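Given these sequences and hints, build the entire structure.
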Amino acid sequence: MKRLDLDDLPPKLAALLTSVEEGEELLLVQNGGVAGRLTGGAPEVAPEPDAPPTSEEQAKEIFEQFRSAMEDEF
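For the sequence shown, the residue numbers in the working numbering are 1 to 74.
Hints listed in this document are in silico derivations from the structure and should not be mistaken for laboratory results.
Incorrect hints may appear among the rest.
Listed next, with one range per pair, are the computed distances between beta-carbon atoms [claimed, not checked]:
#	residue 1	residue 2	range
1	65	41	18 to 24 Å
2	26	62	53 to 59 Å
3	11	41	51 to 57 Å
4	30	5	18 to 24 Å
5	64	14	51 to 57 Å
6	39	67	42 to 48 Å
7	8	30	51 to 57 Å
8	27	65	42 to 48 Å
9	12	49	35 to 41 Å
10	66	9	55 to 61 Å
Quick caveat: nothing in here was measured; it's all calculated off a predicted structure.
Just so you know, even glycine gets a beta-carbon here, dropped at the ideal spot from N, CA and C.
Below is the structure:
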């Protein structure tokens with residue numbers, strides 16, 4: 001993925017880029033011809049990490065693994 005730091009751009013251009021709504025297209029023109037298109041999208045939301053297991057859940061899992069290993073051995 002390419003990255004563009006808006007702080008490096010002139011304020012008017014940065015404002016134009018940030019004002020593009022979800023689904024709206026921004027046409028990039030150079031020398032009278034279309035150089036590209038940018039489509040606005042919803043900001044990426046980082047997925048929430050799963051809640052770490054509680055110590056009781058961890059203890060149950062460890063006990064089950066131990067019990068399973070002992071049954072396999074004997």
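Here is how each hint holds up against the structure:
1. 65 - 41: 18 to 24 Å: At 44 Å between Cβs, range violated.
2. 26 - 62: 53 to 59 Å: 54 Å, holds
3. 11 - 41: 51 to 57 Å: 22 Å, violated
4. 30 - 5: 18 to 24 Å: 21 Å Cβ-Cβ, so the 18 to 24 Å window holds.
5. 64 - 14: 51 to 57 Å: 55 Å, holds
6. 39 - 67: 42 to 48 Å: 55 Å, violated
7. 8 - 30: 51 to 57 Å: Violated - the Cβ-Cβ distance for residue 8 and residue 30, about 19 Å, lies outside 51 to 57 Å.
8. 27 - 65: 42 to 48 Å: 59 Å, violated
9. 12 - 49: 35 to 41 Å: 39 Å, holds
10. 66 - 9: 55 to 61 Å: This hint holds: roughly 59 Å between Cβ atoms.
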